[in-house]
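Peer 1: This is what each chain is made of:
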Amino acid sequence: MLLSIRSLSKAFPGTKALDAVDFDLEAGEVHALLGENGAGKSTLIKCLTGAYRRDAGEIWLDGAQISPESTSQAQDLGIGTVYQEVNLLPNLTVAQNLTFGREPRRFGMIDGRAQTRMAEEMLRGYGLEIDVSRDLGFYSVAVQQVVAIARAVALSGKVLILDEPTASLDAAEVRMLFDVVRGLRDKGLGIVFVSHFLDQVFEICDRLTVLRNGRKITTERVAELNRLQLIEHMLGRELEDVTEHGAAKGSGDDQAQSRAEILHFEKIGRPGLVEPFDLSVREGEVIGLAGLLGSGRTESAELLFGVRSPATGSARDAEGAVAHGTPREAIRSGFGFAPEDRKTDGIIADLSVRENIILALQARRGWTRPIPRAEQNRLAQKYIDRLDIRTSDAEKAIGDLSGGNQQKVVLARWLAMNPRFLILDEPTRGIDVGAHAEILRLIRELTEAGMSVLVISSEFDELVAASDRIIVLRDRRHVRELTGSEVAADEIVRAIAGRPAEPATTMEATR
Amino acid sequence: MSVNPRLYPLLATIGIFIAAYIVCWLQFPYMLSTRVAGNLLTDNAYLGIVAVGMTLVILSGGIDLSVGSVIAFSGVFIAVVLRETGLHPLIVFAMLLSITTAFGAAMGGIIHGLAMPPFIVTLAGMFLARGASYMLTIDSVPISDPFYEALKDAYWLMPGKGRLTFIGILMLLSVAVGALIAHRTRFGASVFAIGGGEHTARLMGVRVGPVTVGIYAFSGFMAGLSGIVFSIYTGSGYPLATVGAELTAIAAVVIGGTLLTGGAGYMVGTLFGVLTMGLIQTYIVFDGSLSSWWAKIVIGVLLLLFILLQRGLLRVTALRA
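Protein chains in written order, with our numbering: chain B, 1 to 511; chain W, 1 to 321.
So that you can see chain W by itself, here it is in the shape it has in the complex (with noise of 0.2 angstroms):
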């Protein structure tokens, strides 16, 4: 049985990961470990969490570019609430994913009703979060509260000492709830057929509107999930964090062999885009020679060729049909 074209690039992504993997492997055996690949979950697990609400966005041939700031202003928030009242953290989380749903709502909103494009209207939004941020506090808060220190500390120690935390099992099962939306409910597949193409999807019978703002409320939520992960990773809320966080989550996407322009993709394959780029940079803090600047480098070099990848595709197909 020969595969379906349509699943090239998710196991072009694959194959990508597990080839680095191995070089990684030859040459660090420690890298085969339980122990790295816990840290590898744990290290991106706002990052995946984060990507996961992008590739609903970019499937369905919009962009968010508010979600790094958005995680800033989560991490602020929550630190912040927490300083100022005695509330229990899960209230405070309660707060804060209403607020960024309800803020990737409103954008969805005004990318709909206004017709605008995605781009500026998440361009204002980065804006608004980050300053917003800012108005909270302009100083790193840390945030000391016994339920947070058990979130840290919450693993599950796997064969060979590997630790797979709290935060990176919350990744694992983000990308899974993601999958099943994307893939298996009528919603995804609405998010398809916008990415295919708005007026036809229109015609088919989606009902544009209120998808629209369900893909940018899920962004937003994602965020702000991402943020509280980011917030017990760091223990602190600094509104100058994760600047540019939403360019590596959209690199994260595309590696992971989603087509940017929308319409095409795996949930499953921005997993393996966040862990490839991972990877890089535990291969180069194993190194411990070289610039962590290499990163971007192979990261940059990646999405070219998926980009190169996607296009060749997109002309094959086209010559078969």
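Chain B with its partners taken away, still in its complex shape (with noise of 0.2 angstroms):
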């Protein structure tokens, strides 16, 4: 056994984050570790790394007890980590950052020449050709995050910890750092595979171990498990059928068909970003926008909502011209936006639950009339209610919630506002299970009470079970759109490869 946690507890105030947790790392494994937001895989983690100092319970690693006090320490024990946003410095040069702590010196002083080879054979076999000598910020996150695992995986040698790696990257670099993640397990190194993506979990992991409030649940074979058992070990209930609507949707096309136009956008374009496209949005429908990484489905949305104002293109409704080339426009035409990036662009971190769910709703209203205090109350109970927010009351700091809680009140602060359209970028990134489960029910009530709703995901499961209709990205551009029994995630599939599985669609032929 390379890595060996016994009975590891941590407290933190309030919360028993850890409970007697064991966690077994095998030389030459790959082990999913896996639970809902909150279940104490961070903890866990970050105790490994010495970001935390446990409470209770022994570490031991290659037979030795254990107890890292800062990431550092972790570093040289051999534990190495990868994080979901690149830990790494932008203004250090690739070199730098890559043998940044080891840096190799002449005479007490770096050597450049050597850093630069350096860096050249750590990034040898990960398959980038970039100048090691260019500042790391220069390149594009998908770069960066691969640096990050080239120099974790020097760095540790022993147990590499992999916290989220792939949410930033697309179908072929994660094919690529799969590779990568293989060659390294036949190496003898232990992995530790952090992810929401259970796809993925299945493709590359040897053993899972399923954590729940603090606990362990279980460790288990991959290939001896289904899926269905996994999400019962993590939600520790049945799920519910999100693919219910899916279901429901053939019989239902007709009348999807002849549905009030509420809103028709002709042409909506910039260079560089996304080629014009027109979209015509009904009422109480929710349309999903697919592609992979970089297709250009967070651009559309963004010239939709005037947060990158389009070159070309006009909106209009049934009372005419609709202005949307500003953000303040668009949410007094009666668009919302909740975008991609939550923690930057979505939340005020250390505003409460409260100020969060008013803040689109008072902008309206102008600073000069100040929703009473009273009435900003009742609506933050009212959503909290409505949408089941878990918070211990609304004056908590968003920033203290869970990833799916903050999603939440990022959807009450447009439901305040009652959009006619509203834009959902990513919803459910980063969320776990129980939580996209009811944010999925969350967008079929608000449909149903007569919005129309845009939702982009790089889940295409999670596209089919909450779209009408389906509007596939390609390169830029929008290159197909799914309706009625189409509305399946291996046509979309298809539609991205650009292999059609039937003639070319109006959009296609009109391109």
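Derived by calculation from the structure, the hints in this document are not laboratory data.
Keep in mind that a hint or two might mislead.
[As the list claims (entries may be wrong)] SDA-like, lysine to any residue: derived pairs with alpha carbons at most 25 angstroms apart:
1) B:187 with B:221
2) B:46 with W:113
3) B:343 with B:84
4) B:343 with W:161
5) B:343 with W:200
6) B:46 with W:210
7) B:343 with W:115
8) B:46 with W:261
9) B:343 with W:261
10) B:158 with B:273
11) W:161 with W:22
12) B:46 with W:114
13) B:46 with W:197
14) B:46 with W:202
15) B:343 with B:322
16) B:46 with W:205
17) B:46 with W:199
18) B:343 with W:199
19) B:158 with W:202
20) B:46 with W:200
21) B:46 with W:159
22) B:158 with W:205
23) B:158 with W:210
Got two chains here, each in a separate frame; can you build the complex from them with the hints?
Peer 2: Dropping the structure here:
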């Protein structure tokens, strides 16, 4: 056994984050660590990497008991970590980042040439052809992520913890990463893999351990477990059938077509961002936007909401032209937008749940007419109850909530505005399975009340379950629209791959 | 081979210095002489030395407002101790440098330990050091020590009769040592790392506490050294001296191409920043009819230019990524 953790416990004021957790990692295996948000995954990892000090329990590495007290100590012991957000320094060169802390020295001074050689050596085998003397920030996030992995691999040597490493990579990059991970596994590293993507867990992992509410639920071989069992372990209950909507869709297809069109966007586009596209929004429907990372999904949403102003095109509704060139105008026109990067664009972490909920409403009223406090409280409470936001009270800072609950607060903010057209960019990213289903159900409820929703998601199953129709993007172009029985994951994949199962659709023909 | 974008601000600094020198030379051909060059180094020696410390501080994303007061304190301390005791100046120098280094280290410790903004902590340091110099004396105290006279008159005669003085050499040495520390040591790499992001730096294994203490201790040491040079240059210690020198040093660092928010810059750029500012002064002296306030205006314009340049570069980099 390479790494074994015995009855590890860690408490924070008010919560027991880890309760006597056991965890074993063998050399040469990829071991998934799974659980809902708040299950204790990140606490366990932080105890391993020395970011937190454990309260009780033992950690054994290679037969010796260890107590890492800092990240650098954990690194020295052989435990390296790659986080979802690239934790490298964009202002240093790639070479400096890779060799940081172990720069080759001559006469006590860093040897720049040897440093460059060392960095190039470290990147060998990752399929990256980059100039290591450039600033890291010069390169794309995907490249930065791979550099981070190369660094952690070189540093750790024994245990590699991958904390949602694939969240910002596209499919090709994930494949490349997995090749690297397999290579490292075969070399005898023990790899801990944390991910919300269950497909990836089944693809790459040998064993998995499920945590729930700070306790270890089970450790199983991946090959001996099916997806349903896994999800039951994670949730501790039966998962609601989120595909219900998709199943009912076939019959409701004609009805969807006959719904009134409330908004029509024509030739919306911006050079270098997205090629001009048309979009017709009908009352009470869910439109899915599917595509790979970088295909122009988010960019399309940003053009619709005026985050970036469209260079071409116009929008109109039954009453005439609709202004949406800036977010302010878009909000006034009855649009709402929950952005992809919740932490930086969606929430204001230090403000309370209540303040985050009333934000957009207050902005529309103008600061000269503050919403009375009693009204604020009432609104906040209403949405906390209605969306089942798990918070001890409305005055808690939103940054302290779990990802799923933060997302619900962002939703509540827009619901309070009662928009006619709501854009949700990756509403379920980084959210645990249970909250997933809830968010999807919420979207359903909204459309039943007449709101139209545009959902962007990289999880095709989820899109299929939620959407009435799906628009597929490829290379910053809207290439296909799937309706009715075409709304299926394999159809999306085919459209992205550019091999339509049927003759080209009108969208492709008009392009 | 294309030029690495991280060099742009440095190249801009050097380019501006050369362009400015050419302008000066076209108008006053005598400006291109070793005499002027030697004086440029001598007159700005104390500023250059303190700016080296300031560069490291700013690279880490911090700021040190105490250095101007520390320079004044140093002069007063040396003058008073030399007057009151018979100690050799070298011993007094050692005492002084220990004091200013410890002073800087203490500020660094407070900044890290109490998680206080460097601005506030060093502002307090600024008042403390200024107050301490007043406690020693309220008058200008002349220094009359044979060793001092020797230091003041020590120079190497360059071709063309220009004098490369001891303090000028000391400044160039300081820049060289500063450059080695910033760019060629792990400590320096840690400084850049903290300037790039303290949280990330910690995750990459930087021991932020000791490094922060080291940064401000270094700045304190350089401020003390600068105080010694200033006392050699003026031959006295005066508690009201070098008021605002910290701001001049910050200006030199920024004109030298170092990002004021930390994480990017070159020590040698600071040398050119100092020399550019000195050149403007020299030009005004040569012209004779211009008010010395023009120096401030030109420096202000240069500062603005560099801030704009850095913004522009950030935007270009962001677009490429």
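Peer 1: Are the hints correct? Go through all of them and say.
Peer 2: Here is what the structure says about each hint:
no. : hint             : result
1   : B:187 with B:221 : holds, 20 angstroms
2   : B:46 with W:113  : holds, 22 angstroms
3   : B:343 with B:84  : holds, 13 angstroms
4   : B:343 with W:161 : violated, 64 angstroms
5   : B:343 with W:200 : holds, 17 angstroms
6   : B:46 with W:210  : holds, 23 angstroms
7   : B:343 with W:115 : holds, 24 angstroms
8   : B:46 with W:261  : violated, 29 angstroms
9   : B:343 with W:261 : holds, 23 angstroms
10  : B:158 with B:273 : violated, 43 angstroms
11  : W:161 with W:22  : holds, 21 angstroms
12  : B:46 with W:114  : holds, 24 angstroms
13  : B:46 with W:197  : holds, 19 angstroms
14  : B:46 with W:202  : holds, 13 angstroms
15  : B:343 with B:322 : violated, 30 angstroms
16  : B:46 with W:205  : holds, 14 angstroms
17  : B:46 with W:199  : holds, 14 angstroms
18  : B:343 with W:199 : holds, 16 angstroms
19  : B:158 with W:202 : holds, 21 angstroms
20  : B:46 with W:200  : holds, 15 angstroms
21  : B:46 with W:159  : violated, 64 angstroms
22  : B:158 with W:205 : holds, 17 angstroms
23  : B:158 with W:210 : violated, 29 angstroms
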